[in-house]
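Novice: In order, the protein sequence lines correspond to chains A and B. Under numbering that gives the first Met the number 0, think of the first position of the first sequence as 0, with each following residue one higher. Under numbering that gives the first Met the number 0, think of the first position of the second sequence as 0, with each following residue one higher.
Since the hints were made in silico from the structure, they are not lab data. No false leads were slipped in.
Here are the simulated DSBU-like pairs of lysine-lysine, each with C-alpha atoms no more than 35 Å apart in a straight line:
1) B:Lys29 / A:Lys250
2) B:Lys29 / A:Lys301
3) A:Lys29 / B:Lys250
4) A:Lys250 / A:Lys301
5) B:Lys301 / A:Lys29
6) B:Lys301 / B:Lys250
It should be emphasised that the depicted structure is a prediction, and the values quoted were computed from it without experimental measurement.
Number of protein chains: 2
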Amino acid sequence: MGAPASGEFDLIARYFAPIAAAFPGALGLKDDAAIFDPPAGSRLVVTADAMVAGVHFMADDPPDLIARKLMRVNLSDLAAKGATPYACLMTICLPPIYLPGGTEEGWIAAFAQGLAADASEYAFPLAGGDTTRTPGPLTLSLTAVGLAPMGRAPLLRSGAQAGDLVFVTGTIGDAHLGLAVQQGEFAALAPQHRAALIERYRLPQPRVAFGQALAAVPGVHAAADVSDGLVADLGHICAASGLAARLQAGKLPLSAAAEAVMAMAGIGARLLTGGDDYEIVFTAAPAAEPALHALASDQGLKLTAIGSVGHGQGVSVLDGAGDVISLVQKGYRHF
Amino acid sequence: MGAPASGEFDLIARYFAPIAAAFPGALGLKDDAAIFDPPAGSRLVVTADAMVAGVHFMADDPPDLIARKLMRVNLSDLAAKGATPYACLMTICLPPIYLPGGTEEGWIAAFAQGLAADASEYAFPLAGGDTTRTPGPLTLSLTAVGLAPMGRAPLLRSGAQAGDLVFVTGTIGDAHLGLAVQQGEFAALAPQHRAALIERYRLPQPRVAFGQALAAVPGVHAAADVSDGLVADLGHICAASGLAARLQAGKLPLSAAAEAVMAMAGIGARLLTGGDDYEIVFTAAPAAEPALHALASDQGLKLTAIGSVGHGQGVSVLDGAGDVISLVQKGYRHF
Chain A
0 MGAPASGEFD LIARYFAPIA AAFPGALGLK DDAAIFDPPA GSRLVVTADA MVAGVHFMAD
60 DPPDLIARKL MRVNLSDLAA KGATPYACLM TICLPPIYLP GGTEEGWIAA FAQGLAADAS
120 EYAFPLAGGD TTRTPGPLTL SLTAVGLAPM GRAPLLRSGA QAGDLVFVTG TIGDAHLGLA
180 VQQGEFAALA PQHRAALIER YRLPQPRVAF GQALAAVPGV HAAADVSDGL VADLGHICAA
240 SGLAARLQAG KLPLSAAAEA VMAMAGIGAR LLTGGDDYEI VFTAAPAAEP ALHALASDQG
300 LKLTAIGSVG HGQGVSVLDG AGDVISLVQK GYRHF
Chain B
0 MGAPASGEFD LIARYFAPIA AAFPGALGLK DDAAIFDPPA GSRLVVTADA MVAGVHFMAD
60 DPPDLIARKL MRVNLSDLAA KGATPYACLM TICLPPIYLP GGTEEGWIAA FAQGLAADAS
120 EYAFPLAGGD TTRTPGPLTL SLTAVGLAPM GRAPLLRSGA QAGDLVFVTG TIGDAHLGLA
180 VQQGEFAALA PQHRAALIER YRLPQPRVAF GQALAAVPGV HAAADVSDGL VADLGHICAA
240 SGLAARLQAG KLPLSAAAEA VMAMAGIGAR LLTGGDDYEI VFTAAPAAEP ALHALASDQG
300 LKLTAIGSVG HGQGVSVLDG AGDVISLVQK GYRHF
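Bound conformation, chain A alone (with noise of 0.2 Å):
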């Protein structure tokens, strides 16, 4: 347990505390603790997602988007429970090579940028956390606290009902299309359209205005996050919920650039199961369809009502004959 010349506190106080500055109880990150004093007639909504090197990101992605791509998974999560951003804790583990004096010495300063950029887009500041050297890959854990009103149900993935529809934001497929073309698939695909897939996967856009306003829509029963893929993440619903979900194939909400592949070889399935979309997904009355759909159009996202609730177990897709697809793979488990 060494102790070279650079330490913990040099790191945190040059490229951490700047991001802590607009949050008083971040105590300007020189205590061991952070303080929260929420406005009154808040609860809070409390998310944590790790991210390690070679599993959830490529070591050499750049570092700012490694940031960014640690701040949005968290803050997907508190927009599919509708709450407000508040403050995050980050615990870091740093291999030696990012250490000052290390041949990566510079990576701290560009992934502090990122950080830094999304703290103060989401209105999201850095409270506090933890900073270690590792043997093994840069591994990051995000613990996101978001704020919710006291008196009302939080969006949860347990509320679904029996008769609801089920609605997607945005579009589905895109980032998973995205990690395929960066690893050599689909070369003969149009250069724009490999861009924006590759963009999507890289910076997630994390549905944070439009979770809030939709825990304030009556008749909204039960949401997630696209994470883990569109079929795997309303099957937790699903299971939350005791119900079961179909979903019609041919209303699922593709970019161009999906559609381009789409044309270019039958990938529905991958689609469906492929993950971080970081979409919401849910649940809701059909008769709150109309203000769903205005509300989307007021934030210039799109809204696609893809399927319905009802009795029984699991996710069901169904072609255009009404028949049920088999699908290979439910989604991305983490093991």
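Assemble chain B onto chain A, guided by the hints.
Specialist: Coordinates of chain B only, in the frame set by chain A:
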């Protein structure tokens, strides 16, 4: 990003959900987030620490002790802020050998038993987190949330005042010596002393009840837990408060086992700078001393006045003649 047979969800449901059962806001670990509804009039005290195999513990340490150390190093941070444990979130990055079918498949069950034991002992339920795999060493991160009364100033590093006395709970240096004994040092030491020191290294005793009571004693100004080493952690208080501290080496509270080591080898500086004590070092007005000793006595905890706070910078350690002792290493640094 593969998808072997047994996934995150089975593991969570089987081993971790029972530790969350006492906390309704954990939602049975079936959602992406936890809901905290802290009692009115509470502020939250939030801290996070990461632990990496080969850095903060040995991979072959007993799994239940690794879990308890993870809980307790964070509980110690809450204790030093005077906070009451409320709930925690854990992210755990597992090498494949710990997964179902791996050579260490029983590890998680034993680890979860340790978590459950401390969650129960400290009323500190698991409320959420993330489980993923890693190609590197076992890596754990815990975010600990505690409660403190809104109407009282929180106990911070930054509040020390010139003229304060410096106090420390318990005894100092045992954990550092315990690690040394485990690594083969002091082989001539009596078995009961060896066992006592190793136990102090392996299972910290966070001063949770003392910290809560301490925060209510008038005249207590600043506190930190002793994790990086007495001199380093008191140094953090001094730096945050813009003051200096002087310690009397002769007043350092030592266990019988540490006294026995001292009789064998003159290693006083190591006791002052070794880490992992998880005692509380704090500063208070001299007028508070009788109340502090009464409190410690009520709790059956040793409490020692070991020095004083004055103007200047840094921590000096004085011998019996009033001369400054040189300390080669000022405490455990994380790199």
